[in-house]
Each structure stands twice: as structure tokens, then as C-alpha cells.
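Full structure from sequences and hints, please.
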Amino acid sequence: MAPSQAGYAPTLEKLLKSLKSQSLDASIEALIFLLKRRQVKGDDCANATARMLLQLVARSQWHDVDELLLKVQRTGARLAQAAPHEPVIGNIVRRVLGLIRDEATEDRNADEFGSESVTDLQSLPVPTRPGANPSRPSLVSIATTAQMSKSMFNLLSVVDTADSPMTGASTPVSQAQTTSAQALRSEVIDGIEEIMDEISQADDQIATFADIQIHPGDYVLVYLPSPAVERFLVKASAKRRFTVLITSLNMPKATGEAPYAALRKKLNAAGVQTINLATNGLMAYMPRVNKVIFGAKAVYQNGGLLVDSGCYIAARAAQEYSKPVIVLSGVYKFCPEDPADGVSSAELGNSSTFVSYADGPAVDAFEVENTVSEYLPPELVDIYLTNLYVSFPGGVDVFEVLLLLTVSIGAPKLEVILLESWPTTISPKKWDILSSSTHEVVDAMGYDAAHIQAQQRTRSFPQSPVGSFGN
Amino acid sequence: MSKQASKGAAAGKAKKPTKAGTEEKREDVLQAVVLADSFQDRFRPFSLEKPRCLLPLANVPLIEYTLEFLASNGVQDVFIYCGAHSEMIEEYIHNSMRWNPAHGISPFASVEFIRVSDATSTGDFLRDLDGRNLISGDFILVHGDVVANVPLDAALAKHRARREANRDACMTMVLREIGDQPHRAANTRVITPIFVVEPSTGRCLQYDEMHPLQSDGYMILDPAVFSYPEFEIRSDLIDCGIDICTPEVLALWSESFDYELPRKNFLHGVLKDFELNGKVIYTEIVEEGYAARANTLRMYDCISKDILGRWTFPYVPDSNMVRDQAYKRAREGSCIEDGTKLAKDSKVTKSVIGRRTTAGAGTTITRSIIGRRCKIGQNVKIENSYIWDDTTVGDGSSIVNSILADSVIIGKDCIIPEGSLISYGVHISDGTHLPTTPAPRISLLTQEGKPASTEASLVGKSGSGAFFKETTGDDIDSDNDEDEVDPSALDGSLFYTHPNLNLSSESISTLASHSSFDSDDEDQATSGFLQAGSSNSRNRLSSFASNDSEAAAAAEKSDAFHGDAVHGLVDALRNADSDDFDSAKLEFMGLRLANDASDGMMRRAIAEAFVSRASELLSPENGGLDSKKAAETAFTEKKGAVKFIKEVGVGSEKETVQAEFALAMQKSLLDVNGLEGSKAGRLLAAMLQQLYILDVLEEDGILSWWGDSRAAETEGLRVVRGECRDLIKWLEEAEEEESEEVTEDEDSE
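Protein chains in written order, with the numbering used here: chain A, 4 to 474; chain B, 120 to 868.
Heads up, some of the hints might be wrong.
[What the hints assert, rightly or not] Keeping only pairs whose Cα atoms sit at most 30 angstroms apart, straight-line, the calculated DSBU-like set for lysine-lysine is: (1) A/Lys44 / B/Lys447; (2) B/Lys773 / A/Lys44; (3) A/Lys39 / B/Lys277; (4) B/Lys494 / B/Lys463; (5) A/Lys44 / B/Lys424; (6) B/Lys798 / B/Lys391; (7) A/Lys294 / A/Lys238; (8) B/Lys277 / A/Lys20; (9) A/Lys74 / B/Lys447; (10) B/Lys469 / B/Lys447; (11) B/Lys466 / A/Lys39; (12) B/Lys748 / B/Lys758; (13) B/Lys469 / A/Lys39; (14) B/Lys424 / B/Lys531; (15) A/Lys39 / B/Lys447; (16) B/Lys469 / B/Lys277; (17) A/Lys44 / B/Lys277; (18) B/Lys447 / B/Lys460; (19) A/Lys17 / B/Lys277; (20) B/Lys424 / A/Lys39; (21) B/Lys469 / B/Lys398; (22) B/Lys747 / B/Lys773; (23) B/Lys747 / A/Lys39; (24) B/Lys786 / B/Lys748.
[What the hints assert, rightly or not] Derived coverage of chain B by chain A (criterion: at least 3 residues anywhere in the stretch with Cβ under 8 angstroms from a Cβ of chain A; other residues may be distant): (25) 191-202; (26) 215-228; (27) 405-417; (28) 427-434; (29) 440-453.
[Said to hold, decoys possible] Which residues of chain B face chain A? A partial, calculated answer using Cβ under 7 angstroms: (30) Pro270; (31) Asp272; (32) Ile297.
Derived from the structure by calculation, the hints contain no laboratory data.
A quick note: this is a predicted structure, and the numbers were derived from the prediction, not measured.
Even glycine gets a Cβ: it sits at the ideal position worked out from N, Cα and C.
Here it is as C-alpha cells:
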């Protein structure tokens, strides 16, 4: 084993390993403090949240759906509050909540309508669109969407009886409660496992678009490449010969080693040239660059991004030279939050990243603010690459975008309730096709349908990130 | 034993890495010992009612930082030693969801409290711990007031590796480097720790402490240090008391029943006795991360500022490490908890404000930390101050550089000047202007913890509280006799009387001068030490202390030292079996350390030793050599003797010092029995010449002795001196005709 793992300090791997031997509460608490200490961050957050919720569903005591929902809500809220700078956690929690409601409703419908409706459902035609895009994503995500849409259909058909968004999916006390709870448990666990699969496959799925986006001879600028970006580049390097400009913060560390050595090694091995850039060299290189690629930490409702700090400068430089900015983001990073709510305020990190605490006069003289993440407005983004589908112009409402996405996947057509606040930029012609897929999109984003319906009445989008799954 | 255990665990881990949960059952769980009482009263009057480690630092009890630090490093078992107010600490931990293992979510497998009823020092705690056999392997020893985010994994791994290589490697100290220029945390130090470290291994060779009030501005390097190929003398290390120890450390504590302090006594002692016990102590010098101890009020201030500056990340208010806190970052670099009510036109900059605190219109709060449920009126000005929970501040008051404890009531239009410490429940009535000097410390209790009678002149008519005096309170303003103050008293009382919340404050002259001494100290230390590397001389650490006056103080010591030292050296010179002088040198240095001998004392002792050896050689039973031969034999017979005289006896190229040595030889000759004046004089001349030839004394030094009036004070001295006239003449006349002159000189004898 690597010597680093022989240490005592808690890490996510250790936590995940010890999940079974530890009590559930202790595991959750441990994760919360890993988050608070920033020992778990970035892409690990989504995975860790999903795994913790899986444990919660599997191991905690609950007897009906309401109880389970409450538990997930509470734990989810605690996790989200532990790391307010990681909106992805909230996304995962919302998705799990939506999943539970779906499954619960399905069960209830099965109770109410008997087996008939189920057969009806299964016999539903799943239309394949003739013009389906050849570069559609892997079967898994389609399967997932299809399954979700089935459940969505059921949900919608009974949703009228729901009182409020929060309890919309409550299950009436049933005589077969225990069995249904067990069934529900295993279904929800399956669902969460699917979410986990989706999270773990997202980067690979995004990378399948690499050779479409990166062309031979391209100069590609990456800024603080995230794992998704790294995978994207490596995948592209299998087929293409291009040049990567790796930009990192201008931070000479004691080690003297250039950052991203592993990535450079991999790319060089594949015959791709790499150039290291400091932030201050960005503008000078930009005229030669063909495209700029970032990984997003989160994508907000308006299409704006939460990114590593410094991306803004790179994106702005790209805009100045009219170079396309491509953003890689799994769909699970799409958040319903609006940056206007103040969620976009930059996270501050450790001041000693830039000024050593040993440097006495500087410590006394400066107010050091080390922003580790920042908001990138949608105007600066040209293409979003997701694990579901590629590419749309920046500055478009994410919902609209997602509609386009699902349409091109060829999702089954369903009856929907339209949101009246929907943007009107989409031609009426497309409406029926588009609307048919709305709910997978909504589902994929973790909205629960009941909630959307409520929103439709009030004609506005949810305001608070936490509000949608309870406080 | 723990060596085997860790090996076994590693092997087991390698074999079945997939089996989840086995990790928990590793035998070598990491244990930690928290010393929650430091036996100091620097935080009084606040620590009268609450133990220091429960005092809020940025609205979080200090001990939370320590425990969080331990948890983040994977500690499993925690033993907390409490002294004063132990029941409060126990209750706090017991009620804490986060730390009490009974609640099932604690990162610790066990938290145990140990009470020692009659403990008066840290040493008592550790000796008690040794008796309990609770510690099975390596453990981390920390104080209950540490704020740190340094990861210990690397240090632990290195410690373990060293232990497996050498069983005597018993302790690793985690030290933080300061860098070229000291920062504010380093500037608050009164005692400068000095570590002599072997840079390649990090082994600590010697430890000493310097403080500005010591009469002797020297630190004496242990001669053993020079046997290492290289060493660094560092005063640029912050020592925040984080030690990785093996159980042997406890045994060492038990062996020395009089050790009290972990550094000054224990570390110094163990390193000094390396020859005896063979124990080796290492340092782990970290260059990144934050580590500090809130052990003085100035450090409290400094760490609070660092928390606001996010140097302690992730231990910052908006991380909300404590369970029920909900701070959010707000504009202007502040952290404000949900549920505060701040008037629209109040201005809050770089501050932390707790839940349910209200601030009225026109109030400005700058660089301050305010607890929960405080009521702050209109047009209040609060600057660089720390206000704990439930305090009320009336309209129009101003508070600068002060600490206000829980439930204090400040009336309207009061002025709380710099450096004020206002303890629990004090009430200051409307319109009171507290005096600026001495900095007010107001408490409801007296030093003995009894209710104090209210001083209406201080707190106003309707107020309650009295000036808090302490026993050593005399030196509050007695800056003049500071030279006589015991350093620990300085550390305690000066900080206490002058918390010096603002370094630039002019009113606190004592401390300002001390802190400037401190930095001077360091500079000089560095330069002095650089010389040490090349010339191996004693190091001049600071310039402000006189070192002649110590003779009287140490008079009785000096006699004992002189006798022993001379005896030992002469024995070594006589010893025909060995021509190695090193052991004698070691012995001499040992004596020197034991008696805290001054340079002058050493000089006299060495001079006398060689003189008596030389005069012995003159006598018939020892061969009846002539004076020249005797002098030569005395100095060169034993290898290393010349070097010894040069480094230890004379120790400097300054002519005054060399003259002193010559004078010491002259005086010693008078005391030799059976040696009449002229013969003694000839011997002196021969010895001086010999030393000149051997490059120990220089021309200027000898001439300066010749011109010194003390050399001719008495008749006897004059006679002895007279015989050296030829030598002086020779020295004065020519250097270029050296060979000729030597012959002539021989003739004159």
C-alpha cells in the first residue's frame, strides 16, 4: 500500500471502507466534517453524497415513504449546509428525493390500479426518432431516462390529488406496508446506484465527444484541468495530434515540480504536445488558441457556471479573441439555483496559498483573499458538453437547453404539464416534441414533478436551493 | 512492542485490503493527551470563573480547536488532563454531541478525563499518566489551547520510521518555521526558544530559552554539539507544544521528579543528559500550515486576527465547525451568523457577529468578534475588541482594543480604553470613562475568587466591579526594575497587565520595548550563531544585559566551580596515561553548565589550572624543567589543550579579553606555593610567549595586559610583571626579526 495511506488522518476512502463497521450516524458525521475541512471536494462530493444517502436508505429504520423522505431531507440538508460551496450535493439529494417519490407513487398506483396499469405502462410504445443523432450517449443513460419517464407518467396522472409539493408523494397507510417498504427500499437503492453509475460514467461519456470537438493541429487551452477535462484530453489524444496549453496559477512551490505532471506525461506519451502557462501568459497565447476548455463545478439555472477561480480571466480573454469556450459538465451538476440568489458568492480558501504565514510583514500588511471558486456568466460560454448530449449556444436557459438535449436523444413522448413561464424563444412548432421530454429533463435535474406543478401555478422558479427539499 | 504491532497491522492491511472495517481494529490506534491546564494565570480575571480552554476564541471555545485538530489527524483515544475547573470541562465535553463518544457520532473512540488533585505543574500530569499505563503506543501530546491545521501524518510516519531504526528516538516535536522576518505571532513571544538542530536528520541537540530580562545575554553551546558534522541554531521556530511521544517519554518524566515544564525542564534536561540516557529527540519543522497556542492574551488577539484573515483555514467561522453555528460570509470580510439584527446604517467590517446580536443605527464595528445575544446600541464604536456573549453596550459608547467577557453591561456614552479587560457580569454605569493607565482590569471577584467590593469611583454610581489586582501586581508600572523580574513572572504578569491588544499602542511602553528586544534578540542570535559555526566561540545573543555584575550574585557558586574545575583540569594535565584532553574538556563544560559559570570564572579557572601545572613542572620531583620548557610542556603535552584554552579559556580575539586571561595567569602565579617572585615572573613570561607562539594570545592582548593598572596593583604582582619586561620589549620592537629575538629572549632567561 502506498505510504500515504498508512497515515492516521481521515480520508474519504477510509470513510467509505469503514461504512459497514461504523454506525450510520457516525459515518454521516464523519462525512460532514470531511466536507467542512475541505478534505472532500469537487467531484468527490457528488459520489460521497450518493453513497451516504444509499447507506441511509439501506440501513436506517423507516416504515413508510414520509419517514424516509424526512430522513433523506434532513441528512441532505445537513450535508448541503456543511459545504454550501458545493451545490452538487443539493442536486444529488434532490434527485434521490425525486426518485423516492417516484418509486412510492409507482407502488401506490400499483396498489390502486392493480396490475393492469403496469401492463399498460409496459405496453407503452417507445418511439424511436428517425433522425436520432449518431453520437448519442451510451445506452445506460437512455435506459435510465426511459425508466424515469415511465414513473413520471404515473406520477403525473395522480398528481392532482397532492396537497403540497412537499407531501405530494406521500403514501397512504397501506395494509401491506412492510412489504411495500421493503420493495421501496430495494427500488430506491437500485435508483441511487444508477445515479452513482451516472456520476462515475459522466466523465467518460463526456469524453466520447472529445474527437468531435478537438481537431488535428488544434491549440487547446485548459485552465486548472479537472478530472473530466483530463479524461477528455486523454481520450482525444488517442486519435488526434494537437497541442494543449495547461494554464495554472502562478505559484512556485517548494517542490519545484510543474503542475499536472501526470497529465502531461500521458499526453506526451500519446504524442500530444503540452505547454505550461502561468496565468499572466494567457493573453499572449490566446491568439494562437483554437478553443478553451473548462470543467464546471456546477451549472446554474441561467447557464452561468461555478468554476475554479481564474477561469473568468481565461474566458474573458477567449471572448476578446472570439475563441470558443467549451464547458464540460455532467448533467448531475445542473443546479436549479439562480446566481442572483447570492449562491454565487465566491468561496474563500486558505490565505496561505498565496502568502506564506512565515512572511511576517506581508501577513501584517495584506488582507489576503484567496477565492477558490468564482461565477462565470453564461455570456462567456459557447458550448456546454454534458454526458447526455453536446453543445448549445451560451446564455440560454438551461431548461430550454435540456429540452433540446432530450429531444435529440429521442426520449418517449408523454403528456406533460407545460410551465407557463417557459421561454418563448422556442418555435411553437417544436413545442409538442419538446414538451414531451420536459419531464425527463426535470427529473434528471432532481426536480420532483409535484414541485414543478406548484411552480407552474405561481409562475416562477424556486428561489432557495434548500427550500425545495425542506429546511 | 508497538513496533511489532504496527508492522503486524501493516502486513494485515496489505494482505486483505478489500475487507472493509478491519482498519478500525488496528492495534496501534492513535492516542492523544490534552493538557487542559497550563498552571498559569495569564488569562485572569477571565480564567477565574472559566478554564482557559473554554474561553471563546472567535466565538468557539478554545478546546474545540484542539480537539478538531486531533480529530483531523485521526486520533482515536483522547485523555484530557484537567486542573482548575475540571468539572466545567468535563461537563462541556459530556454535553457535546460532537465529542462525547456516548452519542455515537464522535470521531473519537474514547474520551477520558483524568483528574490529579495535587498537580502543580505539567510534569505532575505526565508523571501521573506514566503510572496509569493507559498509553500503549505513540501518542500526541498537546495543550488545550492549540489552534493548528498542520497535518501530522508525515511527522507521524517519520517518527515511526525513526523509532523502528532506533529505539531511543522517543519524541518528535512539531515546530513551525517563522521565516526571515518574524510575524505577529512570533512577536508576541517573550521567551525565545532556541533549538540546536542537526539539519539532515532533524535531530534536536540542545534546547535553551532566551528572554530579554536575563542578566546574561548568552546561550552556551554544549561542546558535544560540535562533534556533529553540521548543526543549525534556530531561534526562528514557533513551538506550539505539539509533540509526538512514545511511552518512554513518560518514563523519563517519572525519572526526574523535579521537571515541571515540558520544554525548559524536560527537553533541556533530556538533551543535556544524552550521554546518560541516550534518548534522542527529533524536530519536525513544517513550513506550511498554521499552528499557534493561545497561551497569552496577546496570542489570543493574534490568533483571532489570523482566524479573521483565514490563515487558520478550514478553522474559520464560516466553516461552522461547531454544531449549532451558522455563520455566513457577508460583505466587507465579515462572518455573520443567521439571526443577527444589524441596523441598515451600521457598518461592520472584518468582524464576526453571533446569533441574535443586535446593533443600532450608526454603529461601527471593525475587526472585532462579538458573541451571541449581545445588545449594541446606537452610534457605538467597537474596534479590535472581543466581546463575548450576552453583553450590552449602551448608545454612544466606544470600545477599543479590549476584551469584554460574558454578561457585561456597559452604560451609555462610556469610553473603554485600550487594553481593558472586563470580566463576567461587570456593570459600568452611564457616562463612565475608564482610566487609560494602568489598563483597567475589572472583575466582580478578587484574586482569591471572592466577591470584590465595588469601586464606585471606577465603574460609576450604579456600576458593579472592582479593579482586579494580582499578587505580582507591583510590577505593573515598575518598568525600571524589570531586570530583576523573573522571566516567568514577566511572561505571566506583563502580558497580563498589558495585554497589548494593539502592538502600535504607545501607552504600553514596557511591552513595546520588550518586543523590540525580542526582535533584536533574534537578529543578533542569528548573526552570533553564524559566527559560532566558524569560530566555535561562545555566542553573544543579546547586547542589553551586562555580564560583569553576575559575579557577585554567583559568588558562592563560583568558589565551588573554581575549585572543581581547576582540580579536574590539572588532573587531566598530569595524567600520564593518556594524552587526550577531550574528556577533561567535556567534564569542564559539564561543570560549567551545572554551576552556570560565567566567562570570567572559566577564564580564571583555566588560567590557574595551567599555571599550577607549569609551576609543578619546575619543581625537581617533576623533572625540574626550566621555565620555558615547563611552559611549553604544560600547554602542548596534551592534545587539544591549546585549542581548549583558545576557545574556552580566552574565547575571543578581543584584546581586553586576552588581557584578562593574562591577568588571571599572573594572579594565579602569586598563589602558587614555593615559587618566589622572580621565578614566577620568568614562568609567566615563558607562558605568555608560548601562548603567543601558539597563536592563543596576540600581541595586542599581551600589550594591553602590560598596560593594565590591575597588573601592577600589589607588590607581588609588580615583581611578577617586572620579569616580563623583556618579553614586552621584544613584542614591541619587532615582528619581522622574530627569529633573532627568540634567541635573545632565551638568553635573557
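**Report entry** Hint numbers not upheld by this structure, sorted from lowest to highest
**Finding:** 2, 6, 16, 21 and 23
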